[in-house]
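Heads up: the protein sequence lines correspond to chains A and B, in order. Taking UniProt numbering, the leading residue of the first sequence gets 1, the next gets one more, and so forth. Taking UniProt numbering, the leading residue of the second sequence gets 1, the next gets one more, and so forth.
Think of the hints as simulated: they come from the structure by calculation, not from any bench. Since this is a predicted model, take the numbers as computed values, not measurements. C-beta atoms are modelled at their ideal positions from N, C-alpha and C, and glycine is treated no differently. Among these hints, one or two may not hold up.
[As the list claims (entries may be wrong)] Pairwise CB distance ranges, derived in the manner of DEER restraints:
| # | chain 1 | residue 1 | chain 2 | residue 2 | range |
| --- | --- | --- | --- | --- | --- |
| 1 | B | Gln208 | A | Lys282 | 54 to 62 Å |
| 2 | A | Pro30 | B | Arg5 | 39 to 47 Å |
| 3 | B | Arg69 | A | Gly134 | 30 to 38 Å |
| 4 | B | Glu83 | A | Asn62 | 27 to 35 Å |
| 5 | A | Glu108 | B | Asn93 | 52 to 60 Å |
| 6 | B | Leu301 | A | Pro30 | 27 to 35 Å |
| 7 | B | His323 | A | Pro30 | 53 to 61 Å |
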Amino acid sequence: MINKRIFLFIIIFIGLFVSGCNMKGTTKDPYQIVYQSEVIAEQNRSNIHADYTIAVVPKVVNIPYFNAVEKGVKEAGKDLDVRVIFEGPNIADSKQQIKIIQNLLDKEKLDVLALSANDPEALLPVLKKAREAGVKVITWDSDTVPEGRDFFVNMVNPEILGRHLMDTLAWNTEEKGDFAIMTGSRNASNLNEWLYWIQKQYEDFYPNMNLVAIKETNDDPHTAYIRAKELIATYPNLKGIIGNSSVGPPAAAEAVNELGKKGEIAVVGLSSPNPMNEYLKKDIAQIITLWSPKKLGYLTVSLSKNLADGNDPYDEQQIPGVGIIRMQNDMVIMGQPIDFTKENVDQYDF
Amino acid sequence: MIFNRLRNSRLMSKLMITYFLLTVIPISVLGFVAYNQYTKSIEKQVGEYIPKLLEQANININNQLNEYRSLPDSLYNANQVIEVLRKDSYQNNSNLFRDEFLVNNYLSKMYMNSGNNDILGVFILSKNRLFTSSKADYSGFQLENFPSTYGENLDLQGRTEFILPNQSDLAFQGDPPFILMMRELRDYENQETLGTIFVAIRLTFIEQAMESLYEDQKPTIWLTNEEGVIIYHTKRDRIGTLDPRFRNYPKINGSFRTTDFNDNQLISTNKFPNMNWYSYHRIALEDLMKETNQVRNGTILVFLIFVILSSVISVILAWNVSHPLQKLARLMKRVEKGDFKVDLPINKKDEIGLLAKSFNSMIQEIEHLIKMNYQIELRQKDAELYALQSQINPHFMYNTLETIGYAVEEEEKEIVSRMVALLGRMLRYSLNNKEKVVPLKQELGHIEDYLTIQQFRFEDRIDFQIKDIVGNDSYYVPKFILQPIVENAIKYGLEANYKVRIKVMIEEGKNNKLIIKIEDNGPGIKEADLSQLNLSFKSNPMIRRDENFGLINVHARIALIYGENYGLEVESVIGKGTTVMIRLPADESERGGEK
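Please model the entire structure based on the sequences and the hints provided.
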């Protein structure tokens, strides 16, 4: 009787113990959180993609340089899943540009406007209007005054480029003789800056050379061709021509070729490799310098999209498809200039 | 009901249950709770600091990965290589082989001979050409495998992808585990795809990053991607397989434990920054609690020993209390049945010993009292028998009847009738045996009757006087205390003298005493005999003696009834006479000392 009770007692006691252990075993959740610092949100892989519309306005259309830019812009639009509009004037003129921008603002709902300005100040009113309408404005290729835009996408450092252009000519004229410069528009800020650094380098290091003329082409191939012919006619001792804008060197080369001055007058300057390919191979032009305008177009759209997302560019930023960019104040520098010669010109397709 | 049953259970069970309730249960519960709390706090502590280590390791691995990601960038500085990669057609094989030689050379200079030791091999897939450089022989990465396996025209959009160990056929000699980093080579200038670069990276950098997590314990550490495919595992053969439990793991940065019945594990996890990779650290709780469990097992052992020892002690204690009580109960049963020859042999000084002692002395006392009562009864019977004998004594009867006969002859009618009346009264007094004590007056009357009869017989040879000074009728005395003394006085007196004088006096003594004096003028008792006689009164009244039986019997009876302070005292002078004093309490109760 008593033994039975003690037995019962022990059973209850053991039961308590076992149930104490069991409680852990019977919880439904296979895992019990001991400590957690944060819950990981399941990441949504589908990017929030707003339908951004980015307008890229060049100085002028239908020249090889801006055609190449357009290719890069379209490429980036496809890659980044944004809508891009590439529209520009037929001649490099700020009035035409204003008209086009105004038209875009009226017709389209723009998020970002990227502009290569023909005039640093003339475009300010329309840019102000755009910004008031909530459109972000950046400049590329050719800047406006800083009030007009958020930042400027520059291709190369202007000092490096200007001094380098002077050097390329000097190499081919044995640092002596007369030379002339063909620039685009006198109003384009980027051209003027390069021009400044070309002259600076000439004054600093090449006393035996002589700058005889600086001619404007207005970025028009035909005008450029006429100017080149005039130059060669006017200055019989001319030893070299520097093209300060991309229409210069092809026109100069064509003129040199036609006038049978091949080997006498060196042609260097800024131009795309495709139009210069033949001249380089025939030794009419010696060295052509440029950056990749495709890359510039791509970068401009990438940065525009980032800006629409609210992200400003920063120094040493890695831009997919472009590489690492640098930043000087509010100026983005895409990279270093590339020299094209007859040896490597085939590698490039723009 | 339980309490009722408990109340009625035996003392020993009660003591045992009480002991169990008060010691074993609280200590076990306390121990259990304390151990539980302690293990929980260790779990918490470890669960808190391992994710921090993991996070640090993840950051290190991530930094390392970022470094690897930038490896292909150096290619862009090599114009010759880029130039080769830009080409897409060849006029003859030697040109192709020259370019391959150039690129392979560059790759091995750049990645194999210098730089990171963990790079197993670099492969560039470009426009149907494969450029390779590797540290060890490899298999499973042939041009024919493409584009089916990887797809030549991968659209990575500048991202870097990691191909996990099980997702490619590529294998190196010695089978080192590795991940294959895949990145598009972009011609930034022409905005075209040059090809894809693959870099096989040994997993040792993960091992190194996780080094701080391998301490004396043996944890399992592994990394998975967002699908649960194991990128790295402490056990090499698990690398590349799917972690089947990945989906069930709580998606937290922190620690959790399994909730099985036993063999539980503490798993810590941390997600990579900016990447859907997860690192896991698993350790068996048993390993974590190794030291604690040793202490626990030791404590349990000590506790068990303590329980056993204290149980034994408590059993002994309980037995020590309950066993004497059981024995006592048994002995009491025997006493109940009349067996007084019992003894509880316990010599302890505690309560149980005192109880035993009291019990023993109680039994002795009871036995003693029973004996005493028995003796009193016996004496009484003796006295009665004696008195009966002396009255029915043929001598006394004969003498009395002869005296009556003489009186009849002399026609002394008055004497005859008086003697017959006296004899009858004496006989009736003797026959009435019911009371132990009688009123003093009756006893005095009886002795007067006896002396009167003797006076009739011996005429003037006997003279007697009864003097009752007290005169209180309410005193009681034992029956037949006077007759033996008076008989003695007459017997010895008549032998020595012609005339016998007997005087009976009742006095009241000090301290509420009643003294009856019987004086005679007999021959007296020799001094030696007298002191012998007085001494025999003081000795054990239970011992029966033949000599002086009458006197001793009377004394013994009085002493038995009233105590040793009462009884007979004999004074005697040779030739002059003897005085017997009977000391009695002035007793007014009918029961004679029995209270």
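Outcome of range test on Cβ distance (histidine 323/B, proline 30/A; 53 to 61 Å): 57 Å, holds
Whether the CB-CB distance between arginine 69/B and glycine 134/A falls inside 30 to 38 Å: 37 Å, holds
27 to 35 Å as the expected CB spacing between proline 30/A and leucine 301/B, which holds or is violated: 33 Å, holds
Range hint 39 to 47 Å (beta carbons of proline 30/A and arginine 5/B) holds or violated: 45 Å, holds
Assessment of proposed distance window 54 to 62 Å (beta carbons of glutamine 208/B, lysine 282/A): Taking Cβ atoms as reference, glutamine 208/B and lysine 282/A lie about 59 Å apart, which means the hint holds.
Range hint 52 to 60 Å (beta carbons of glutamate 108/A and asparagine 93/B) holds or violated: Between glutamate 108/A and asparagine 93/B, where Cβ atoms are some 54 Å apart, the hint holds.
Glutamate 83/B versus asparagine 62/A beta-carbon gap, inside 27 to 35 Å or not: This hint holds: roughly 30 Å between Cβ atoms.
The structure fails none of the hints (numbered hints given earlier).
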